[in-house]
Amino acid sequence: YQKNRDRILIVHKKYRVDNKGFRAKYYQDYQEKNREKLSKLASEWYQANKEAIKKRNLKYYNANKEICDKRKELWRENNKEKIKKYNKEYKRDHK
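FYI, the numbering used here numbers position 18 of the sequence shown as 65, with every residue one higher than the one before it.
Derived from the structure by calculation, the hints contain no laboratory data.
Quick caveat: nothing in here was measured; it's all calculated off a predicted structure.
Some hints could be false.
Stated by the list, open to error - List of simulated lysine to aspartate or glutamate pairs, DMTMM-like, C-alpha gap at most 20 Å: (1) Lys117 x Glu128; (2) Lys132 x Glu120; (3) Lys138 x Glu128; (4) Lys102 x Asp116; (5) Lys87 x Asp76; (6) Lys101 x Glu91; (7) Lys102 x Glu91; (8) Lys135 x Glu124; (9) Lys127 x Asp116; (10) Lys101 x Glu113; (11) Lys87 x Glu98; (12) Lys72 x Glu83; (13) Lys106 x Asp116; (14) Lys102 x Glu113; (15) Lys131 x Glu120; (16) Lys112 x Glu124; (17) Lys101 x Asp116.
Please model the entire structure based on the sequences and the hints provided.
Written out as structure tokens, the structure reads:
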């Protein structure tokens with residue numbers, strides 16, 4: 048492998064450039080044709096893994112609480128108008 052490493056990388060790069068977009072286009076077509084099937088699969092997967100996802104998110108939040116809280120505050124600062132509009136629209140009084 049070490050002897051042919053450069054040649055292998057060049058061939059691999061050429062393959063990636065030559066086929067760029069083909070796989071993405073194929074997948075996009077597949078998504079459009081099978082939208083219902085894929086959404087059903089995604090829904091089933093989510094229902095099966097809902098608790099694990101909640102635990103993972105909570106674990107991440109607890110491990111990075113300061114960072115998460117800073118991000119929340121930044122988001123609130125940057126979206127004050129959106130929040131006011133949303134609260135007014137849905138008649139919510141809390142901050």
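Structure-based check of all given hints:
| no. | hint | in the structure |
| --- | --- | --- |
| 1 | Lys117 x Glu128 | holds, 19 Å |
| 2 | Lys132 x Glu120 | holds, 18 Å |
| 3 | Lys138 x Glu128 | holds, 15 Å |
| 4 | Lys102 x Asp116 | holds, 18 Å |
| 5 | Lys87 x Asp76 | holds, 18 Å |
| 6 | Lys101 x Glu91 | holds, 16 Å |
| 7 | Lys102 x Glu91 | holds, 18 Å |
| 8 | Lys135 x Glu124 | holds, 17 Å |
| 9 | Lys127 x Asp116 | holds, 16 Å |
| 10 | Lys101 x Glu113 | holds, 19 Å |
| 11 | Lys87 x Glu98 | holds, 19 Å |
| 12 | Lys72 x Glu83 | holds, 19 Å |
| 13 | Lys106 x Asp116 | holds, 14 Å |
| 14 | Lys102 x Glu113 | holds, 18 Å |
| 15 | Lys131 x Glu120 | holds, 15 Å |
| 16 | Lys112 x Glu124 | holds, 18 Å |
| 17 | Lys101 x Asp116 | holds, 18 Å |
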